[in-house]
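Modelling step: build the complete structure from the supplied sequences, incorporating the hints.
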Amino acid sequence: MAVTALAGDDAVRVDGCATIPELFWKRATERADKVALREKDFGIWNEYTWADYGEQARLAGLGLKALGLERGDVVSIASEVNKEWMFADLGVICIGGVTNGVYPTDAPNQVEYLIDDSATRYYFAEDEEQLDKVLEVRERTTTLEKVVIFDMEGLRDLEDDMCMSFEALLELGHEYGERHPEVWTAEIAKARPEDLMVLTYTSGTTGPPKGAMITQRNMLYMMNTLQGCYGVHESDEQLGFLPLAHVAGRMFYTFAVLESCSVVNLVEELETAVTDQQEVAPTIHFAVPRVWEKQFSTVAIKLKEATALGRLAYRLALAVGERRAACLKAGERVPVPIAAAFFFADLLVFKNIRRMLGIDDCRWLSTAAAPIAPDLIDWYWAIGKPMYEVYGQTECSGLATANLIGDFRIGSVGKAVEGAEVALSEENEILIRSPGVIAGYWNKPEKTADTIRQGWLHTGDVGRIDDDGFVYIVDRMKDIIITAGGKNITPSEIENQLKFSPYITDAVVVGDRRPFLTCLVMIDHENVTKYAQDNDVPFTNYTSLCHTQEVQDLVWGEIERVNARFARVETIKKFRLIDQLLDAEDEELTPTQKLKRKVVHEKYGDLIGGMYR
Amino acid sequence: MTAAATAPVLELRNIETYYGPVMAIRGVSLKVFDRQVVAVLGANGAGKTTVLKTICGAMDPRKGTVTLRGEDITGRDPDRVARLGIGHVPEGREVFPFLNVEENLRMGAFSRRDGGIAEDLELVYSYFPPLAERRKLEAGFLSGGQQQMLAIGRALMLRPALMLLDEPSLGLSPRLVHEIAEIVKRLNEEQGVTLLLVEQNARMALDVADYGYVMEVGRVVMEDTAERLRNATDIQEFYLGMKDEGVRGRRRWKVRKTWR
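If you read the sequences in order, they're chains X and E.
Heads up: the first sequence begins at 1 in the numbering used here, then just goes up one per residue.
Heads up: the second sequence begins at 614 in the numbering used here, then just goes up one per residue.
Honestly, the hints are just simulated from the structure, not real lab data.
Predicted model only: the values in this text are computed from it and were never measured.
The beta carbon of each residue, even a glycine, is placed where N, CA and C say it ideally should be.
A few of these clues could be false.
As a list, the in silico DSS-like pairs of lysine-lysine whose alpha-carbon atoms are at most 25 Å apart [said to hold, decoys possible]:
no., chain 1, residue 1, chain 2, residue 2
1, E, Lys676, X, Lys530
2, X, Lys304, X, Lys447
3, X, Lys302, X, Lys530
4, X, Lys603, X, Lys574
5, X, Lys598, X, Lys444
6, X, Lys302, E, Lys676
7, X, Lys574, X, Lys487
8, X, Lys478, X, Lys444
9, E, Lys676, X, Lys304
10, E, Lys644, X, Lys530
11, X, Lys447, X, Lys598
12, X, Lys26, X, Lys190
For each label pair, taking beta carbons as the anchor points, the in silico distance ranges come out as [said to hold, decoys possible]:
no., chain 1, residue 1, chain 2, residue 2, range
13, X, Asp579, E, Gly729, 47 to 53 Å
14, E, Leu783, X, Asp579, 32 to 38 Å
15, X, Ala484, E, Asn657, 52 to 58 Å
16, E, Asn657, X, Ala439, 55 to 61 Å
17, E, Asn657, X, Glu178, 49 to 55 Å
18, E, Ala731, X, Asp536, 41 to 47 Å
19, X, Ala32, E, Asn657, 49 to 55 Å
20, X, Asp160, E, Pro787, 34 to 40 Å
21, X, Leu303, E, Pro787, 49 to 55 Å
22, X, Asp536, E, Ile730, 39 to 45 Å
Covered stretches of chain X (chain E as the covering partner; in silico rule of three or more C-beta atoms under 8 Å from a C-beta of chain E) [claimed, not checked]:
no., region
23, 529-536
24, 539-545
Here is the structure:
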């Protein structure tokens, strides 16, 4: 339904609007009584219309204006994904501010850095826990003026001049709006396509995080691109569970929705995402590889508990599914016998699996943000759902390349999206030029000049491009391992195969300037616990579980299986388990629960050293 | 404890116990060595009592084994387990209210055929003077603390190889809790009684024990020496009620447990 036009004046427009505030207010007024969001609260899905969305954003925006927000001021939001996040976000953007998402798992010192570096004046904190982090560091920050709290539970007695509740902010906005009825629309009209709209901090490989500056135009281009790639319909339903501080979550749940008018269903808690997904049955689903791996291992484990007949049915069905998928992937017609066999396989096996995972209604699945094993994508195709891998970075506001429906290659990240160009440097680094490439890093001109040279974004990823324009990502440039023998090895390829095992959550392959390859493995707690119990392996806690001989053998077996697929120099000779149960608050993990290579190398230096002694 | 080198008195391997369809214990393994006091901590419903019931034979595990001095006693009837030398002090005392103190104690020695019963009676009385003063009083008339002493004394009468103590601090005043804890400690030190102690009162349990396990929803989440458990941040926050003072003074939200 959206009209896409690249006008002669270089403006990127969505539905005739050249700025996000203009588009948002158009939606809020024209679609007033239609559902925009749902959020689950105590098990009930509450609906919020576009009018609600618009009104809450307006009051939040005016409230900040009443507090003294000037155009271009930075407002930070530290919260799990929820409706207040989205209300506050659009309120800030419409009133001329810049929003910066903070991960709720960030530690106080990181919060302090983000506030200082971005010169945040107003800070939204989800709850007591997030509030305490700000209060701990506020003495040391110079710019912070006000903290607004979404959830006041446990804070009734809070008396602090710097803090106020979200409700009080809306009330303030209401009063301000009564006195100045023209301000809201006037501020919306002041927005310009080149205005900075969103700051997204990316963890640098060297030095502290850098704030990528995304403009109105960057994001409008991205919305058009996503629409052009897959088409998001008004009737589509999404599950909102990825962090909004990440560019992908923001694009899919906040901005793409402004274009397509589809509905976002926000999960109650991250812990309830699995059941929430079954209930929502989204029609389009974007997730990170960790989520897809987890879904697959759920099925793999369930299967181990199934009857022999059930397992046989699954094996037969999968064989049929794979043959059908092979035809689809080659762009051929599926022969009638296979189509007929698939009909039964689907009816008896796959449909149940897809329902259990909550992906049965999906038109397409999409993955990005980290490397994924091609075998895993194949599996989703085999069970009857097309999955497309895309590629991009915060620094290009999201997408740069995409596999398209009917034009894709598994293992590649697809071709450059419309309006974007992809090239290789002499060192085979992937370079991107597109209207999505950011204006630069906030207050870091030298970093900007380093990363964006003559309009080309230097991604730091090594890859290749085939004759048809499909792009293949090899690895992060800095992660390539050169063994003592001089052999170049791409660890992510091996790691992806390891993660494919239901018993391995994550792995880090080590071997740079070493005589052979080794790896550190993080086991899948749930599945390995189950394995231990089924096999009568005594253990008490996570650490003792990791130290049992049986678990060591189990993991070694999985490694050997992967080793068989690689050349001799690329095989892993030794491994160690990370015997501490890590969670998102530990510095070893990213907010998406992936091991950070650099931190792992530092923290587990002794463990790694031990393997080479 | 230097007992670590020898074989454990009691060993549980991967016990899984159900109440009907409900899995109460999800694979618990633990060891108790000779002359050791081992504490099992955990909140309500963590499965602590079920562990003891599984050891003493009142419940049968669906999976896993219980071994006493190397002998597999999984699924044996409770009376046979008691004869093998496991004395159970159940939760809530469970003394025989219409029998007097001495009769209650003699019930503890019911299965014994040796001649040392009279001596042991005196031994129990020496440890629990309030009982000595009330030998002929019906147990139902005793106070909670005295009943707890009686229940422990009754288990001692078995001359147990291992004593299971289920929530001895339940419903007792802090002073009595302290008194019972002191007696438990003395029994261990002077009489060499091996003890497996289940407690919600972590302060008392860690005070008495050499080694501890922490259970949560049917699983062991942590194990270590009592010394180190006392200093673990999670234990301090969740069981000992110690908290870092937050920036606003009192912090209500809970940090995520990490169990390390």
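Structure-based check of each hint:
1. Lys676(E) / Lys530(X): Measuring from Cα to Cα gives roughly 13 Å; hence the hint holds.
2. Lys304(X) / Lys447(X): Not satisfied, since the Cα-Cα distance of roughly 51 Å exceeds 25 Å.
3. Lys302(X) / Lys530(X): holds, 11 Å
4. Lys603(X) / Lys574(X): This hinted pair holds, its Cα atoms lying about 18 Å apart.
5. Lys598(X) / Lys444(X): Holds, because 23 Å separates the two Cα atoms, which is no more than 25 Å.
6. Lys302(X) / Lys676(E): The hint holds at about 20 Å.
7. Lys574(X) / Lys487(X): holds, 18 Å
8. Lys478(X) / Lys444(X): holds, 21 Å
9. Lys676(E) / Lys304(X): holds, 18 Å
10. Lys644(E) / Lys530(X): Satisfied, since the Cα-Cα distance of roughly 21 Å is no more than 25 Å.
11. Lys447(X) / Lys598(X): holds, 20 Å
12. Lys26(X) / Lys190(X): Since the Cα atoms of Lys26(X) and Lys190(X) sit roughly 15 Å apart, the hinted pair holds (cutoff 25 Å).
13. Asp579(X) / Gly729(E): 47 to 53 Å: This hint holds: roughly 48 Å between Cβ atoms.
14. Leu783(E) / Asp579(X): 32 to 38 Å: Check passed, 36 Å falls within 32 to 38 Å.
15. Ala484(X) / Asn657(E): 52 to 58 Å: holds, 57 Å
16. Asn657(E) / Ala439(X): 55 to 61 Å: holds, 57 Å
17. Asn657(E) / Glu178(X): 49 to 55 Å: About 53 Å separates the Cβ atoms of Asn657(E) and Glu178(X), which means 49 to 55 Å holds.
18. Ala731(E) / Asp536(X): 41 to 47 Å: 46 Å Cβ-Cβ, so the 41 to 47 Å window holds.
19. Ala32(X) / Asn657(E): 49 to 55 Å: Given a distance of about 50 Å, which is inside 49 to 55 Å, the answer is holds.
20. Asp160(X) / Pro787(E): 34 to 40 Å: holds, 37 Å
21. Leu303(X) / Pro787(E): 49 to 55 Å: holds, 54 Å
22. Asp536(X) / Ile730(E): 39 to 45 Å: Holds, at about 41 Å.
23. 529-536: holds (count 4)
24. 539-545: holds (count 6)
Against the hints set out earlier in the document, a violation occurs for number 2 only.
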